[in-house]
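S.K.: In case you want the letters, here they are:
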Amino acid sequence: MRGTWFCSEPGNTEFIVAKRILIIDDSASVRRQVSGVLSPAGFQVIEAADGVDGADRIRSQTDLALVICDVNMPRMNGLDMLDTLKGELAQRQLPVVMLTTEGQPEAMARAKKCGAKGWIVKPFKEHLLLGAVQKLTQSGP
Amino acid sequence: MTARNYSILDQLLRDCCLELMADYGLPATLATPTPANDGATDVSIAAIDFSGRDLRGTIGLRMTNSVVLETYRAAVGAPIDAGSTDASDWTCELVNQLIGRLKNKLRSYNVSFNVNTPRLLVMFPVAELERALRSRFVSDRGSFAGYLDVMIAPGFAFVDSAPEAPLVDEGDLVLF
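Line by line, the protein sequences give chains F and E. Following the numbering used here, the numbering of the first sequence begins with 1 at its first residue and continues without gaps. Following the numbering used here, the numbering of the second sequence begins with 1001 at its first residue and continues without gaps.
Derived by calculation from the structure, the hints in this document are not laboratory data. Note that the structure is a prediction, hence the values are computed from the model and not measured. Any given hint could turn out to be false.
Calculated pairs, DSBU-like style, for lysine-lysine (alpha carbon to alpha carbon, straight line, at most 35 Å) [stated by the list, open to error]:
no., chain 1, residue 1, chain 2, residue 2
1, F, K117, E, K1105
2, F, K135, E, K1105
3, E, K1105, F, K86
4, F, K113, E, K1105
5, F, K112, E, K1105
6, F, K125, F, K135
7, F, K125, E, K1105
Make the full structure from the sequences, and use the hints.
M.R.: Written out as structure tokens, the structure reads:
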């Protein structure tokens, strides 16, 4: 099991597993931006660049705590990826938050129907993203 | 009807450009007149295509590199080099956010469209944007311009309509 070592006091080292978050976005800048918010809060952030890559990471990483996913991406968009994986996501109770420039109610309704737990319109407010991640992963890292 | 359509799109483009940059700490003012090419060479340009029942076309965003670097620093909290892969990626992300704003504003007119993925343009002037609606802005960190090359379906006219669902604005979070 991967994790992060924290030394709470001299001589007393404990092993705390940082919750792992997958950010799927074709923009490396946005991935870096998200990582810059979540990593200092103790989350471990891994990345994927489109829906195909993201689906692969979700299937191979069985210890994910949450997925943050863009909508408009090359190869496979975020909503199609969600549709493809909705059964697996539900079975694993893996929450997904969409992070996108889109604010269309039809797209939001589709995401909700496929099991997404939240929707954030870019550019995001850091405290709202962090708050949502902490809430949906229950107790934070 | 046609003139009103273009007037509305022109105003929306201006609003979207100003709001986008303001969100990254870059207040700006409209520069008039707006030349097709202001001669600046240290610029980055990205465009994105869109298509829908009523509108289709291309939106572009042209920025001096200083604007790209400043907005990236505001967003990510780290510096990047002009002309780097990171700067190109951020240029594309900004035009992606620009079309997102336009699409969200057009909900007030019950207009929607599908959006392609952004592409970086390496040459300017770009033929496809020369005829476009355009607005140029200046800020104390550099200048930027928005372009909207749009085809409007015959007979279409913008009509104000209350959205069926509540509007979700940039920065908003909705938990289901």
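S.K.: Which of the numbered hints above does this structure break?
M.R.: none
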